[in-house]
Amino acid sequence: MRNRLTRMPSKEILVLGEGDKEIIDFLEKARAANGLRVQLGKDVFSVKISSETVSDKGREYLTKGGRVSE
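Take the sequence shown: its letter number 31 is residue 31 in our numbering, and every next letter is one higher.
I should point out that these hints are in silico values taken from the structure, not numbers from a laboratory. Any given hint could be a false lead.
FRET-style restraints, in silico, Cβ to Cβ [unchecked claim]:
hint : residue 1 : residue 2 : range
1    : Tyr61     : Gly41     : 38 to 46 Å
2    : Ile24     : Thr53     : 15 to 23 Å
3    : Ile13     : Leu36     : 17 to 25 Å
4    : Lys21     : Tyr61     : 14 to 22 Å
5    : Leu16     : Phe45     : 13 to 21 Å
6    : Lys64     : Asn34     : 14 to 22 Å
Don't be surprised by glycine CBs; every beta carbon is placed ideally from N, CA and C.
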């Protein structure tokens with residue numbers, strides 16, 4: 001069995017502005033805590049924070065999929 005990269009969708013980038021203060025505050029709290037658990041009604045969501053470290057060229061390669069060399 002050969003390992004293959006699976007096709008992954010490109011990530012949409014949301015640009016936040018001054019009018020998005022509540023979202024920015026939430027993201028800052030999540031970053032400071034290295035993630036949060038959020039309850040919305042009966043559902044509980046785990047919010048993880050990570051820095052974007054993949055270059056545009058790297059992201060393009062990863063989203064195309066294909067074989068991984070052995």
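A quick look at each hint next to the structure:
The supplied range of 38 to 46 Å is met by tyrosine 61 and glycine 41, whose beta-carbon atoms lie about 40 Å from each other. Evaluation of the 15 to 23 Å hint for isoleucine 24 and threonine 53 yields a pass: the beta carbon distance comes to about 21 Å. Take isoleucine 13 and leucine 36: their Cβ atoms lie about 21 Å apart, and the range 17 to 25 Å holds. A hinted range of 14 to 22 Å for the beta carbons of lysine 21 and tyrosine 61 is inconsistent with their spacing of about 36 Å.
Under the hint 13 to 21 Å, the C-beta atoms of leucine 16 and phenylalanine 45, about 19 Å apart, fit the expected range. As the Cβ distance of lysine 64 to asparagine 34 is approximately 31 Å, the hint placing it in 14 to 22 Å is violated.
Of the hints listed earlier, those the structure fails to meet are numbers 4 and 6, in rising order.
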